[in-house]
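Trainee: For this one, chain A is given, so just place chain B on it according to the hints.
For the protein sequence lines, the chains are A and B, in the order given.
If you read the first sequence in my numbering, its first letter stands for residue 1, the second for the next number, and so on.
If you read the second sequence in my numbering, its first letter stands for residue 1, the second for the next number, and so on.
No wet-lab data here; the hints were simulated from the structure.
Don't take every hint at face value.
Unchecked claim - Below are the DSS-like pairs computed for lysine-lysine, each with C-alpha atoms no more than 30 Å apart in a straight line:
no., chain 1, residue 1, chain 2, residue 2
1, B, K691, B, K522
2, A, K128, B, K614
3, A, K128, B, K618
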Amino acid sequence: MRRRIEFSLNDQPTSVEAEETTSLLDVLRGELGVFGARFGCGAGQCGACAVLVDSKVVAACEREIGTLEHRSVLTVEGLGTPERPHHLQTAFLELQAGQCGYCLSGILIGAKALLDANPDPSRAEIAKALSWHLCRCGVHNRVMDAVTLAAGRMRRGEVA
Amino acid sequence: MIPPMLAANPRLDSWVRFEPDGRARIAFGRMEYGQGVGTSLAQMAADELDVAFARLLIVPAATVDVPDEGLTVGSMSTEMSGPAIRTACAEVRALFTTAAAGRLGCPTSDLDVRDGTFLRSGRPTGLDYWSLAGEVDLARNATGEAPLKTPEQMQIIGESQPRLDLPPKLFGAAFLHDIVLPGMRHARVLRQPGPAARLASLDEDAVRRAAPDVDILIDHAFVALICDTEVDAARAFNAAEKTARWEDARALDPILAEPVTLKTLPHETFEAGAPPPEASNRRRITATYGKPFLSHGSMGPSAGIAQYQDGQLTIWTHNQGVYPMRALAARITGLDVSVIEVIHAQGPGCYGHNGADDPPIDAALIAIRRPGRPIRVQWRREDEFGWAPVGTAMLMELSAEVDASGRLVDYTAEIWNTAHTGARGTAVAESALRGYQPPPGAPQRLMPDGSRFSGGLLNIIPSYDIDTTRTVEHVIFPPPVRTSSLRSLGGAPNTFAGESFIDELAEASGVDPLAYRLAMLKEPRGRAVLETLAQMCGWAKRGASGTGQGLGLGYDRHRNRAGFVACAAEVEVNIDVRLVKLWCVADAGLIINPDGAKNQIEGGMIMAASWALKEQVKFGGPGIASTTWDEYPILRFDEVPPVEIVLLNTRDPRPHGIGELSQGSVMAAISNAVAHALGVRIRELPMTRDKIAAALLAN
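Pulled out of the complex, with its shape left as it was, chain A reads as follows (with noise of 0.2 Å):
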């Protein structure tokens, strides 16, 4: 059925007319013009389209939009933008986690959502926080050492 569903994306007040089984990635990427989050595989197995839904880790190309009413939705934008970057992706960019990149807006939300649950992951937790996620460039050793960088500052509170 088609109806009118209000969300909140990246802390902002949004409503959209859509069929309420089409997926979350297709409105944000169809309707609303919000592209971080990747076509992937549209089956939920490669994590390229990750989002946080109400600070879980979902696929947005297997959550039906019709599910997210009044929930909150982060994308790889909310998290921050070139001028004001958390603190994940400038260690991604400071030790140049990322080839071509397809991977990192779904990797860097899987990041966020288990520091947010645990600050001080070790390298197998990372691993199996990740471990979702695929990457076909090889950067996984480089993105681990990302998130235990961005991890430490976080915990010290320095600004990002």
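Mentor: Below, chain B without anything else, positioned relative to chain A:
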């Protein structure tokens, strides 16, 4: 001598211009897809011009106003494009220095350039590139006479530089997939189940019920569903897929995905090298290795946009070369290249010829039948896995003679593969068009010297001093599925096989694998990477075999002519192979961007480790059956080991490619480490738990 890419694009202003805003415009025909080529080429330009890195304006590639450098492939950009851009920039610097000297009435030797401004005996002159731009005509052909900087004079080359392409990728911007053009429509193409399949019927009413605004395009076997939104295009596609009936659909036998079946398929044979001299006291040892078909596995399914308006076709692509795309589009559409413009935008990493050429061609075929609005085609994950070209399977029968001392004196490699660059210059949509004729045989590719090029021959002979060698290559045609370039072509698979076999020869001769290699390697740069690697990985403390813990190494010289590399792997083998640690030592000569080079080398190692342990394309139905990440698993975060990399000889004057450098030796290192851990050898990839169990049972 003028570098070949500069000779092909000799006008200096096609490479370098000075913009009124105080920037230097640099153009090159190499495509950025996260490998960092744009940054390292910019470093070379900045260094030769003596302009601050931040002052460069790097223009995106397009068929207008940018040099034609063909395809961005084979780890060749630094080697091929680098000399061109450096030579052009050095010449521009020299021309401007002459002009400045003329104005100042001084010899050019008094002048120096600092961030684009001219200094005379160290003091400002008030002149710079921009103030002199009106006097120096760059609309002239390069002579190649200006000297390049020596490694000692370089200031920006050789210093780690953050990649120019990375920042947007961390803030949600960057890709072709995100481009929205005014009036753009979205289309999906219903693929034929096999190249000979013909559409018998389609329930168009059902498709319209699913997406009322759909425009159904049927031309022979080419079927496209065009809608205003991607969601509607997907609905129309799903309805069309359910109701389409095809004639002559293909059923591909799953057994054809196994490397051993390559021997049963029609092929052409190419032999090189002489039979070994007759001699007594020799022992012949043989082994057969196999590597399956592999997917590029790009993270993002390919996309493309095309618009046909007033007789002009414009294509947006993230493929490996805008000029080759223009030629492909011209051939398939019948339009002249003069009315086709191709614009590059970034896409997901491709690692060779993945699906990137296809959606733009799908879009172009639709656009010329529906002129006016831009048409965007976004492939699904199933399309990328199912219809993009894959890397060919290979079967390698290796045979060696060792003398009484165990020394390797004769080496024969006989391999079966499809053409590694077979699908280059083709699109999957072609077979759906009226009048399509399949190619009569595998395409022949030539080296610059006119000799036959085959990806299967890369590193087919291990990189040692061997008295006599011989190669026999069987090229299967037609291939069971589209095969084309995958990072390293046959290079990494051949090194996996050859360097595993070298370990077998060492073992048969009772010699330590490292010592066995060093005994037949005079090249000092090769010895240096192996000896440094041995120190790093603690080779001297390597234990007995068969304990479940393994340490192995591999070595090669990239394409037997470029960089030198050695890798080691430490593994634990229980039910599965667990990678404990990987090491790499590389000598690729002059390194432009050390951090970028390490990133590339490590990425190549992780990808190759994934090939070695997990990956195999499966066949079934009309073609490829492994069309999801569940069916085509790759190495994950919790399976990736720490990696240590050392670069040697980085100020050597000559640079070599690094993008595919590390892949063969790391596969061999893992193979040798697994054999060391198990006490038995697995000769066919991937080394899954089934293969481990089978190898242990067979023992």
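Trainee: Now tell me, hint by hint, if it's right for this structure.
Mentor: Structure-based check of all given hints:
Of the supplied pair hints, the one linking K691 of chain B and K522 of chain B is violated, its CA atoms being roughly 37 Å apart against a limit of 30 Å. Restraint check for K128 of chain A and K614 of chain B: satisfied, since their Cα atoms lie roughly 19 Å apart, inside the 30 Å limit. For the hint linking K128 of chain A to K618 of chain B, the alpha-carbon distance of about 28 Å falls within 30 Å, and the restraint holds.
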